[in-house]
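Full structure from sequences and hints, please.
Residue numbers (this note's numbering), protein chains in the order written: chain P, 5 to 128; chain R, 8 to 129; chain F, -18 to 382.
Just to be clear, a hint being listed does not mean it is correct.
Said to hold, decoys possible - Once the Cα atoms are required to be at most 25 angstroms apart in a straight line, the calculated DSS-like pairs of lysine-lysine come out as: (1) K112(R) to K89(R); (2) K79(P) to K135(F); (3) K89(R) to K79(P); (4) K59(F) to K9(R); (5) K9(R) to K112(R); (6) K42(P) to K102(P).
No lab work stands behind these hints, which were simulated from the structure alone.
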Amino acid sequence: MQYLAMIYGDTTQWESLSAEEREEVYATYNAFSEGAQKAGVLVDGAELDSTSTATTVRVRDNETLVTDGPYAELKEALGGYFVLECDSIDAACEWAAKIPGATQGAIEVRPIHVDPSANGGGAS
Amino acid sequence: MKYAALLTNDADAVAAWEQMTPGEAQAARAVEVPKWEALYGELGPSGMLGFSVELDSPTTAKTVRVRDGETTVTDGPFAETKEQIGGVMVLECEDLDTAIGIAVKIPVALTASVELRPIVGS
Amino acid sequence: MSSIELTFREGWGRAVATLTRVLGDLTLAEDAVQDAFTIALERWPRDGPPDHPSAWIIATARNRAIDRLRRERTFARKAELLARLEALPTEEEDVSSIPDDRLALVFTCCHPALAAEGRVALTLREVAGLTTTEIAHAFLVSEPAMAQRLVRAKRKIRAAGIPFRVPPDHLLPERMQSVLAVLYLVFNEGYSASGGAEHVRADLCEEAIRLAKLLALLMPDEPEALGLLALMLLQDGRREARRGPNGELVLLDDQDRARWNQARIAEGTLVLERALSRRAAGPYQLQAAIAALHSQAPRPDDTDWAQIAALYGELARRQASPVVELNRAVAVAMADGPAAGLALLDGIELDGYHLLHAARADLLRRLERTEEAAAEYRATLRLEMNAAERAALERRLSQLA
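This is the structure:
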């Protein structure tokens, strides 16, 4: 079964890091990815640009509303995600705990929806 | 440009879904499915749609933190916001206006929001 | 501002737009044009200003951009950008043949995905050529804060992939709204804001008018662009009479109409006629028509309230808002009597808005419902308002006693 591990963290902290410090963080993420890949657990992943580059789109009364910023202002913003293939949510949480961001912020693990009636819903 | 389109649902709408019986939920989904099929039907050939997932309700979430080597897992989503992430779609397109043009066709744009976040390293 | 700064500023937007088109990056373009400005400050006093400043600025900015790029050891698209820069003409006659990309620049700076305050700052910096310092003073914000605002906006354009172009037809109406709103916000900051020095506010109004004229020039078939320009000119015609000797606000009824700028009003009226001749009325044209009716009345009693009421009705149909309904009710009261106005007022949801309660009090007074009027005046005076409004209300209340 597939799970989305969403990485929440304080991005102002990230922005204050030097290029070398960021390289160090990327190295820890690469290590995680390699480990997850070897275990057959890693399906996908992405690093998201900061919320200052976000744009939120809504349609109300046939009118398109485009605004600067994320859909909600959180002290710790979504900074990236991994898609993990695990037997259970508990197993997914064990892997989530290995994501470097877990030690600074938090990882939200959510099951990816599988439509019971369809043959293989979920990720496409 | 690559964008992660974060699809949200209104927390009240989610709560309403939770209250439904399996039969009601199935019927409600049946109404939504054609809208999504129309969207994928249009986007598919364009080559602009990448990875795409729908998530289970926030009530099924677990939040993991590691502090001083100790792992804590709590039930529930990371934040109790008025809108909650319900899905993610990766869009590969020319520019932000193109991404916005896709976002307005995503059904949740009418009831909640679609946040377009650039993916780093794309 | 020195004549060098003035001349340079006139060519600024055109140069930034062209360099942005060629370099694909607003920051690189701005840096190049800023470099050219530094050179102008050195050379023009010594050699005299060039015959064709715009051409000189673009050519010089091009050369500075080439220099900067050559010094960059690693730059992804260095070869491609150098080739594009080198292809830019530098001979004066040829430079005038370079397409005017300012419209694309305006739409980019006013893109809805940018924070509202960022759009305003960016438009003033990139299109109008104001310095960060000038913009900071105009908006009563510290220079570092304004600099941050600009950096953030430019970073977002690049990171989020905001395209540098005039929007395609199907997006044009909604994107036009964004541009007009930005320009009108700049104007209002100068016209209505209570803080800051008078000359700074006046300069802001002038800048907004200059930008609106540019937009009207670049989009001659767009009646709302003309409508906005007309509205600004007509309102600006009253600007000096709006301030008393101590800088306090003077209400329309109390203004010395001899201090109105008739040349401005005439210009605004002409622009409005041009707009209306297109037979595609819109909110800015309607607001301009209302402003024209006010500005054409030699005395308050000469105001054509019936026409104003009708125009507010039109405006309400297109842009329903409680404030428009309120203004309409006030106009109807002037045209058809206080009872008619009061009936409309009672249908508006604007609790706590002092102008609504003040209007209500006034109509009750005119209907000689003195007790209710006094109560309404007292309730209104408990709300936030500026000094001129407060003084006027206190006067009315004391007259009732």
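Hints, one by one, checked against the model:
Only pairs whose Cα atoms come within 25 angstroms are accepted, and K112(R) paired with K89(R) is accepted, the gap being roughly 22 angstroms. The suggested pairing of K79(P) with K135(F) holds, with an alpha-carbon distance near 23 angstroms, which does not exceed 25 angstroms. With a C-alpha separation of about 15 angstroms, the suggested pair K89(R) and K79(P) falls inside the 25 angstroms cut-off, and the hint holds. Distance check on the hinted pair: K59(F) and K9(R) sit about 23 angstroms apart at the alpha-carbon level, within 25 angstroms; holds.
Only pairs whose Cα atoms come within 25 angstroms are accepted, and K9(R) paired with K112(R) is accepted, the gap being roughly 18 angstroms. Restraint check for K42(P) and K102(P): the C-alpha separation of about 14 angstroms stays at or below 25 angstroms, so the hint holds.
Violated hints for the displayed structure: none, as all numbered hints are satisfied.
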